[in-house]
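Student: In order, the protein sequence lines correspond to chains A and B.
The numbering of the first sequence is our numbering, which starts it at 1 and goes up by one.
The numbering of the second sequence is our numbering, which starts it at 1 and goes up by one.
Simulated from the structure, these hints should not be mistaken for lab results.
The reader is advised that the hints may include incorrect statements.
[To be verified] Here are some chain B residues the structure puts well away from chain A; computed CB gaps all over 10 Å:
#1 E13
#2 G15
#3 A38
#4 V42
#5 L44
#6 D63
#7 I84
#8 R93
#9 I99
#10 N111
#11 E119
#12 H120
#13 E149
[Stated by the list, open to error] Derived contacts from chain B toward chain A, CB cut-off under 10 Å, selection only:
#14 Y43
#15 I46
#16 E49
#17 S62
#18 Y65
#19 H105
#20 C109
#21 V115
#22 R127
#23 V131
#24 H140
#25 C142
#26 E143
#27 K144
For glycine and all other residues, C-beta sits at the position ideal for the given N, C-alpha and C.
These are the residues of each chain, in order.
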Amino acid sequence: MSISLKNRSLISISDYTPEEICHVLDIAEDFEKNPHQNLLNGRIIASLFFEPSTRTRLSFETAIQLLGGNVIGFSSTSGTSVQKGESLADTITMVASYADLIVMRNPIDGSARLASEVSKVPIINAGDGSNQHPTQCMLDLYSIRKTQGTLENLEITLVGDLKYGRTVHSLVEAMSHFNAKFNLVSPVELKLPRTVKQHIKDAHLEYEQFTELEEVIPHSDIIYMTRVQRERFPDPLEYEKVKNSYVLRNAMLANAKPNCRVLHPLPRVNEIHVDVDSNPKAYYFQQAQNGVYARQALIAAILGLK
Amino acid sequence: MEKRKELIVSAIENGTVIDHIPADKVFQVVKILGLDKASTPVYLGINVESKKYGTKGFIKVSDKYFDPEELNKIALVAPTASIIEIKDFEVVRKQTVQIPERIEHIVKCFNPNCVTNKEHDIPTKFRVKHVDGKLRLVCHYCEKYTSEENIEFI
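Given the sequences, and given the hints that come with them, work out the whole structure.
Tutor: Put into C-alpha cells, the structure is as follows:
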C-alpha cells in the first residue's frame, strides 16, 4: 500500500508511524540529489515564528524557495496582532485562509496541537516551547540513516542535558522503533526523565546510564551532543564540577569506530571543541544542511506533491 | 440501619443517589456534574457516619438519571462512590464508578506553560495512564504529565 501524508499535520514525531517516517526520509534523499524542484509553483506557505529562531526558520524558508513557493509570515511577534492580544486560534484561522500550509514556532507548550485543531490547512510544528520539535527529529533521523546506511540496531550515545533537551526526547522516542541501544551520558541533575525512558522500556530495548563520556565513545555509532547550560543548575558550584566532563575533544575520538559520527542540534557553545570540526567524524554542519532536505520532503508530502 | 440513615434527608421517589462520596469532596462532585445548575431538587449530606469509611458524603438528585460516562467523571475525586438509581422509592440499580480513559474539561494542566493555561477558554483534555499503581494524566496539548497529587479541578 502506498503511503500518503497529504493534509497530515506534523505536531509530534509520534504522529507518524515508523513507515511514514522512513517514507519522508526517502523523499528527503531524493531532494538531496535534486534540491531545485518547482513543485509548489507559487503556492503560499505561512512561516509564523512567535519567537526567534535562526536555523529552523532559515532552513524552512530555504526549503520553500527551493520548491518554488512563496513565504508569508513573521519572525517575531513585534508589530503583529498577537501583541494586541489576539488569540492564537484567531491568528491561525486568519492565516489558514491565506496560505496552503502553516509552519509555526511558538514558545507555549501545546500551541501547535491547538493550532492544528483550529486550522483548515495542515500545520508543521517548528517547535512548541519545551514540548516537541519534530522536524529537528526528522533531520536527525535522516542524518543517522545517511551516515550509517540504516536506522536499525545502532548504538546511540546521548550526551549532556538529557532532562530538558526536547530534541533528545523526540530522538529517543523515534529510535525506540528501530531496535537501538542507548547510552545516556549526563550529570545526575540532568538525567533522562522517567517518562522518556518508558519509551525504551516499552520497546524492550537496552539502555545504560553514565556520568563520564570517554568510556562509551569506542562502541558508539552515533554520539549526539547537547549543551549543558549553567542555568539548569540550582547551585553554580555543581555546574563548575561537571562542565568539563561533557566537552568532546578531538583526542577523545581516537578510538571511535570508523562509522561513528558526532551530531549536535546546534547552536553549540563549548561542548564540542573546535578541534573536532576538522575530524571526518564531525557531522553537525552537514546535519544542519540536511534540515533543508528533510523540510522539503515534509512540505511536499503534506501538500500531496510527493 | 443504612436505610434509616439515608432517610435523614427525605427519600426520593425517582432519581439518583450518589453515595459513599469522601466527605470533603461533595461540592466538587456537585460542580463536576453541574448540579449547581440543576432544575430538580438536590439534597446533600456531608460528614454523615459511615460504617465502611468513618464519614462520607452523599447527593440525592430527584428525577434525574445519568449516563455512566458522565458519572465516571467523578471517579477522579470520588473513586469509592456508589450510584443508586431509584424508581418509585425502590432501588432498581446499584453500580460503582470507573476512572475513564479520557478526562475532559474538569482538570487543570499542571504545566503553567501549557496552552490551556496561557490562552483563554481552551478546554483541557487528558489521556489517563496508570503507572506503578498511580494515576497520571497526559495532557493532549503539551504532552506533560499531571500526577495524582497535583490534580486540581477547574
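Student: Give a verdict on every hint.
Tutor: These are the hints, each one checked on the structure:
no., hint, verdict
1, E13, "holds, 45 Å"
2, G15, "holds, 37 Å"
3, A38, "holds, 32 Å"
4, V42, "holds, 35 Å"
5, L44, "holds, 36 Å"
6, D63, "holds, 37 Å"
7, I84, "holds, 39 Å"
8, R93, "holds, 37 Å"
9, I99, "holds, 19 Å"
10, N111, "violated, 6 Å"
11, E119, "violated, 6 Å"
12, H120, "violated, 7 Å"
13, E149, "holds, 16 Å"
14, Y43, "violated, 40 Å"
15, I46, "violated, 37 Å"
16, E49, "violated, 42 Å"
17, S62, "violated, 39 Å"
18, Y65, "violated, 33 Å"
19, H105, "violated, 15 Å"
20, C109, "holds, 8 Å"
21, V115, "holds, 4 Å"
22, R127, "violated, 12 Å"
23, V131, "holds, 8 Å"
24, H140, "holds, 7 Å"
25, C142, "holds, 4 Å"
26, E143, "holds, 6 Å"
27, K144, "holds, 7 Å"
Going through the hint list in order, the structure does not satisfy hints 10, 11, 12, 14, 15, 16, 17, 18, 19 and 22.
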